[in-house]
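Protein sequences appear in the order of chains A and B. Taken in order, the first sequence gives residues 11 to 335; the numbers are from the numbering used here. Taken in order, the second sequence gives residues 11 to 335; the numbers are from the numbering used here.
In case anyone wonders, no lab produced these hints; they're calculated from the structure. Check each hint, because a few of them may be wrong.
Unchecked claim - Computed footprint of chain B on chain A, listed as stretches where at least three residues anywhere in the stretch have a Cβ under 8 Å from a Cβ of chain B:
id, segment
1, 40 to 50
2, 65 to 76
As the list claims (entries may be wrong) - Ranges of calculated distance between the beta carbons of each label pair, as one might list FRET restraints:
id, chain 1, residue 1, chain 2, residue 2, range
3, A, Gly60, B, Pro244, 22 to 32 Å
4, A, Trp53, B, Trp311, 23 to 33 Å
5, A, Asp177, B, Glu198, 40 to 50 Å
6, B, Glu199, A, Arg104, 28 to 38 Å
7, A, Val90, B, Arg104, 48 to 58 Å
What the hints assert, rightly or not - Here's a subset of chain B near chain A, in silico, CB distances under 10 Å, partners left out:
id, residue
8, His196
9, Arg197
10, Tyr296
Beta carbons are placed, not taken as given, at the ideal position from N, Cα and C, and that holds for glycine.
2 protein chains.
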Amino acid sequence: MSPVHNEASIAGRMQAFVQELQRTIRSAVEALDGQATFREDAWDRPGGGGGLSAALSGGAVLEKAGVNTSVVHGELPEAVLADLLGGRSDATTRSFFATGISLVFHPVNPYIPSVHANFRYFALGEDRSRPVDQWFGGGADLTPYYPFLEDVQHFHRTWKAVCDAHDIADYEAFKQQCDAYFYLPHREEARGVGGVFFDGLRDAPEETFAFVRAAGEAFLGSWLPLAECRRAAPFGERERAFQALRRARYVEFNLLHDRGTKFGIDTGGRTESILMSLPPRARWEYAWTPDPETVEGRLQWFLRPRDWLALAPDSPPPRNAAGRT
Amino acid sequence: MSPVHNEASIAGRMQAFVQELQRTIRSAVEALDGQATFREDAWDRPGGGGGLSAALSGGAVLEKAGVNTSVVHGELPEAVLADLLGGRSDATTRSFFATGISLVFHPVNPYIPSVHANFRYFALGEDRSRPVDQWFGGGADLTPYYPFLEDVQHFHRTWKAVCDAHDIADYEAFKQQCDAYFYLPHREEARGVGGVFFDGLRDAPEETFAFVRAAGEAFLGSWLPLAECRRAAPFGERERAFQALRRARYVEFNLLHDRGTKFGIDTGGRTESILMSLPPRARWEYAWTPDPETVEGRLQWFLRPRDWLALAPDSPPPRNAAGRT
Numbered sequence: 011m012s013p014v015h016n017e018a019s020i021a022g023r024m025q026a027f028v029q030e031l032q033r034t035i036r037s038a039v040e041a042l043d044g045q046a047t048f049r050e051d052a053w054d055r056p057g058g059g060g061g062l063s064a065a066l067s068g069g070a071v072l073e074k075a076g077v078n079t080s081v082v083h084g085e086l087p088e089a090v091l092a093d094l095l096g097g098r099s100d101a102t103t104r105s106f107f108a109t110g111i112s113l114v115f116h117p118v119n120p121y122i123p124s125v126h127a128n129f130r131y132f133a134l135g136e137d138r139s140r141p142v143d144q145w146f147g148g149g150a151d152l153t154p155y156y157p158f159l160e161d162v163q164h165f166h167r168t169w170k171a172v173c174d175a176h177d178i179a180d181y182e183a184f185k186q187q188c189d190a191y192f193y194l195p196h197r198e199e200a201r202g203v204g205g206v207f208f209d210g211l212r213d214a215p216e217e218t219f220a221f222v223r224a225a226g227e228a229f230l231g232s233w234l235p236l237a238e239c240r241r242a243a244p245f246g247e248r249e250r251a252f253q254a255l256r257r258a259r260y261v262e263f264n265l266l267h268d269r270g271t272k273f274g275i276d277t278g279g280r281t282e283s284i285l286m287s288l289p290p291r292a293r294w295e296y297a298w299t300p301d302p303e304t305v306e307g308r309l310q311w312f313l314r315p316r317d318w319l320a321l322a323p324d325s326p327p328p329r330n331a332a333g334r335t
Numbered sequence: 011m012s013p014v015h016n017e018a019s020i021a022g023r024m025q026a027f028v029q030e031l032q033r034t035i036r037s038a039v040e041a042l043d044g045q046a047t048f049r050e051d052a053w054d055r056p057g058g059g060g061g062l063s064a065a066l067s068g069g070a071v072l073e074k075a076g077v078n079t080s081v082v083h084g085e086l087p088e089a090v091l092a093d094l095l096g097g098r099s100d101a102t103t104r105s106f107f108a109t110g111i112s113l114v115f116h117p118v119n120p121y122i123p124s125v126h127a128n129f130r131y132f133a134l135g136e137d138r139s140r141p142v143d144q145w146f147g148g149g150a151d152l153t154p155y156y157p158f159l160e161d162v163q164h165f166h167r168t169w170k171a172v173c174d175a176h177d178i179a180d181y182e183a184f185k186q187q188c189d190a191y192f193y194l195p196h197r198e199e200a201r202g203v204g205g206v207f208f209d210g211l212r213d214a215p216e217e218t219f220a221f222v223r224a225a226g227e228a229f230l231g232s233w234l235p236l237a238e239c240r241r242a243a244p245f246g247e248r249e250r251a252f253q254a255l256r257r258a259r260y261v262e263f264n265l266l267h268d269r270g271t272k273f274g275i276d277t278g279g280r281t282e283s284i285l286m287s288l289p290p291r292a293r294w295e296y297a298w299t300p301d302p303e304t305v306e307g308r309l310q311w312f313l314r315p316r317d318w319l320a321l322a323p324d325s326p327p328p329r330n331a332a333g334r335t
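Bound conformation, chain A alone (with noise of 0.2 Å):
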């Protein structure tokens, strides 16, 4: 793991926030199971730099789970800066430091939904504590298969408060980006029900970071109430299939989609590292539709963008209507 010399610049600042994290998460998370506990692996990156990746699988709640965190610096390759900056910056260093927090939680529990959660850092510039350009990006979202409106609702209303707080983030306009960047065109559908997306804060860096802090610190308050909740909720192997065929959708996204995967792969990123968030199964089958008039087809309602917050409880389609089994 790469030291940043100069320990009070933002990037050194991160650099310890996003590992203080790592460690308070996986905690939480090895307390929630009970049986499973993360193996380590620490790897460093050639260019300069590393990570510490963590990975849990086989648990009594969670069924594949990774925390990862990396610290990295060196030169960008032209190519890459072009692609990064995408003509938002000036800058013309090619000196580069960057350091993140990424998160994928699979449960076992078809009740429990799955979560992903990122905050990362990135600065160009040999000066640590001057850097020439600097931003942060990040963001939280759930995936349900049996979905509550109240445990879509409690996610929402933790990002929100930490949103209000901060003056630089803007709830409505994060959760309009996170609605937007995980969605399955070819399927037509949203990966899950959102949450918080944000990307490129360059202003005001230290009220960011003190944002991007409080809302890392307050993920495990956005989803570990849910998993409680419903780990003790009976299933079978209906409930069991119905999830392998929604993390199906959950592997499209992150393989055909998703820009940090293909920027990963494309950029000779560690494989086992990027690809720590696909699900643990996944199941195809050809043209398959849930039946709308069964409990499974009534997730289709919550794969649309909504006004999560302003919604009655009786709002989602009954979960025991008629027929609706």
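Knowing the structure of chain A, use the given hints to seat chain B on it.
Relative to the frame of chain A, chain B by itself:
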């Protein structure tokens, strides 16, 4: 299904050929399986033409199989035209005609390899009988789980024989193109043991059509005997688990690297037909890699290009060596 007005044109004869081949292959696969039958879906392309998708699942021998044909025509979008031609054609017309057959079989028994093949024809110009430009593409490749050298050799011997019987075909070159195409750079391994792959065959259209027809007709003979021979091989949970982990690599190739999949998804093709190639089940485990001393680890030896037909029977690592269980 779009009518081709001049049945004597290559376009018309190729269309008739792929439709007949689809029927032949479907019958043979149903006879092999003895339990499941194909479900048929005819679809229309808004811009012109359509296709016939045939899918089978839950069979005694085939866990999932798809055989698709399409006959499409219309006006190509500028961007697609440029992308498609890649500077290889002088054609300025956007009027196109394309027809082809594509198939993927994923067997139940992990001792039977998965197989993929496609044969396709593309023409530019208003007059089907005198196209401004036209070319053929296609190929076949094999993806074993528990490989047998004799099976790999049978498959390659079949394709070499077809190529050797046609002056315009070159087994060595087509095999190399197959090895280059079906490769996962992020895993540093081949998708399987290759086969033949060719594209842009535009010289001598009649001779090329004769070759493509012979190749299509050779398909069943390249794979059916392997399925017949291995279908009774005993297997259990261990073999099925390994098969699912390997099928995850198949998914990774198709969604991350396959040009046909990307082209289809990006141009708004029929999702279910494009993704029919995906295996029925896949499994991802973090940093999974088989012990080289097991029979599962033995597969790795096969996942790099080799001159299969020149190999002696004892070339691969032994199946039952000390410790290889």
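TODO: Run the structure past the numbered hints and jot down the numbers of the failing ones, going up.
DONE: 1, 3 and 7
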